[in-house]
Amino acid sequence: MTAVKTETSGGAIEIGGLRKAFGANEVLRGIDLRVASGEVVCVIGPSGSGKSTLLRCVNLLEEPTAGTVRVGGVDVTAPDVDIDAVRRRIGMVFQSFNLFPHLTALGNVVIAQRKVLRRGRAEAERIAREQLEGVGLADKTGSYPAQLSGGQQQRVAIARALAMGPEVMLFDEPTSALDPELVGDVLGVMRGLARPGEGRGMTMLVVTHEMGFAREVADRVVFMDGGVVVEEGPPARVIDDPAHERTRTFLSRVLDPAAARVGETD
Amino acid sequence: MTAEPVEAAAPGGLSRRRRRQLSLGGQYGLFLAVVVLVALLADWDRLRANFANRDVARDLFPDIITVGLRNTVVYTAVGFGIGLALGLVVALMRLSPVAPYRWFAAVYIEIFRGLPLLLIFIFITVGVPLAFGSPAPGGAVGQTGLALGLAGAAYMAETIRAGIEAVPKGQTEAARSLGMSAGRAMSSIVIPQAFRIVIPPLTNQLVLLCKDSSLVLFLGIVLEERELTKFGRDLAGQVGNTTPIIVAGVCYLIITIPLSLLARRLEARQRRGRR
Ligand SMILES: Nc1ncnc2c1ncn2[C@@H]1O[C@H](COP(=O)(O)OP(=O)(O)OP(=O)(O)O)[C@@H](O)[C@H]1O
Ligand SMILES: [Mg+2]
Chain X
38 MTAVKTETSG
48 GAIEIGGLRK
58 AFGANEVLRG
68 IDLRVASGEV
78 VCVIGPSGSG
88 KSTLLRCVNL
98 LEEPTAGTVR
108 VGGVDVTAPD
118 VDIDAVRRRI
128 GMVFQSFNLF
138 PHLTALGNVV
148 IAQRKVLRRG
158 RAEAERIARE
168 QLEGVGLADK
178 TGSYPAQLSG
188 GQQQRVAIAR
198 ALAMGPEVML
208 FDEPTSALDP
218 ELVGDVLGVM
228 RGLARPGEGR
238 GMTMLVVTHE
248 MGFAREVADR
258 VVFMDGGVVV
268 EEGPPARVID
278 DPAHERTRTF
288 LSRVLDPAAA
298 RVGETD
Chain U
221 MTAEPVEAAA
231 PGGLSRRRRR
241 QLSLGGQYGL
251 FLAVVVLVAL
261 LADWDRLRAN
271 FANRDVARDL
281 FPDIITVGLR
291 NTVVYTAVGF
301 GIGLALGLVV
311 ALMRLSPVAP
321 YRWFAAVYIE
331 IFRGLPLLLI
341 FIFITVGVPL
351 AFGSPAPGGA
361 VGQTGLALGL
371 AGAAYMAETI
381 RAGIEAVPKG
391 QTEAARSLGM
401 SAGRAMSSIV
411 IPQAFRIVIP
421 PLTNQLVLLC
431 KDSSLVLFLG
441 IVLEERELTK
451 FGRDLAGQVG
461 NTTPIIVAGV
471 CYLIITIPLS
481 LLARRLEARQ
491 RRGRR
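First to last, the protein sequences are chains X and U.
Going by my numbering, the final residue of the first sequence carries number 303, and the count climbs one at a time with no gaps.
Going by my numbering, the final residue of the second sequence carries number 495, and the count climbs one at a time with no gaps.
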């Protein structure tokens, strides 16, 4: 699982004063966050705190209301920016996989290489096979998404994003929709991407509630609530010794589901 | 059924089940009586001579196939092709962020679904030459294809729009996040999935168009352009016998029944769900 190949790695993500409102509902209220080249940052926080919206603002699936987002030094919020060129450099993995059901695993990884990067068929297929092998699915290239388990589908989705040679990767709760026994495979792939045997790892911004993964892989953990960053720091500090009451309450719910149920009634 | 015991005596003194049996028996009896009555009253020799005259039928071949059936298939195929292409365009306009496109598409759909098809045929053959100084190109094929296509597009646009809307939003987002433009995401990711969804209803549309191609009957067309209905009617008039109409009808069924069965099978397969 450590064979994940990245063509380029490590553009930095710099987010400054980011605000996003849906109508009157201000979901992001001034986010400042820097993910250095090759760094892995995990974002945690309660439901509705704006984690997905933050990620979606980075690759412009949502248009920020104010503030700047720079990826690899390029201001993606500039008015004259080529939105498709920006997204090409940013890989995104969704909670619900979003594989293309009418294409095989190989076809899923090939199509954007062909249509966006204009790679030839042979080259695109070679890269796709390499990427699928890298996520442990060399034997599933001909399978349709419906024939794959959730964990396998999510790994195809990761291979699909990596085949574009992104500078940064965004993961939005990549394991939340998976059965517990399938979570490990996907986290294994992500770990290999963050800490490859040789060279620098991928720049990764990961929304996750897998505290074990965050503790082990993340360089920093960011706790968000109500559209702001409440605290951030090394995983050992934020997870094991949080400075804020809100962080403590949230962590106690995530780490102990029984406490979550009690917490909801008060 | 409620908690009432099944064999309990009902007001008429008969059990519920017994009464149901009697009622069913009555229905069968009535049906049989009607069939027998019609069979007895009908003049079978006369019917056979007029509806299933073997000599008349034999003389229809091969022209009813090589001219009639062939033209029906050609008119239907051209009409369906035009309707599908135009329907896709109208569907995309209906979903466009550009408001005037949406209005145009909505008006188009309402107008062409609201008009009798015959009126559209007459408009194409009479109106177009008056308005443009020359008839629609492509002779009978072009005119029929255009009339069927214009009307079919209105129905197909609504079907295709529903199909496009049935493709989850996450599909477009995944495509866009890979760097595809909006148009590319639509053509490579959304439309192929939408078409899978709309193949059964479009097959039904094809059956309707096949039958509607008979409206060429009202156009001035030359002998080689006749399709099944006009061919059947002309020959029925010539030989003074209804058999050509029957044979033409059978030819339609040879096309439409397998298509309908196919559509139903595709629907059933989709309901079982490959996704
Ligand atoms: N397209 C949208 N239109 C309107 N409101 C939206 C939209 N997307 C998100 N929101 C609102 O923004 C808020 C934050 O949503 P977001 O999905 O970013 O939260 P989240 O932290 O990812 O939560 P979760 O853990 O449940 O995924 C929510 O209140 C949500 O209702
Ligand atoms: Mg979310």
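Simulated from the structure, these hints should not be mistaken for laboratory data.
Note that the Cβ used here is the ideal one computed from N, Cα and C, for glycine as well.
Any given hint could turn out to be false.
[What the hints assert, rightly or not] To list a few chain X residues with every Cβ distance to chain U over 12 Å, as calculated: (1) 93; (2) 122; (3) 150; (4) 198; (5) 219; (6) 288; (7) 293.
[Stated by the list, open to error] To give an idea of the chain X side of the interface with chain U (calculated C-beta under 10 Å), a few residues: (8) 59; (9) 97; (10) 139; (11) 141; (12) 228; (13) 232; (14) 266; (15) 270; (16) 271.
[Said to hold, decoys possible] Partial list, computed: chain U residues near chain X (C-beta under 7 Å): (17) 382; (18) 386; (19) 397; (20) 401; (21) 403; (22) 408; (23) 409; (24) 413.
Unmet hints by their number, sorted upward, for this structure: 1, 2, 3, 4, 8, 11, 12, 13, 14, 15, 16, 17, 18, 21
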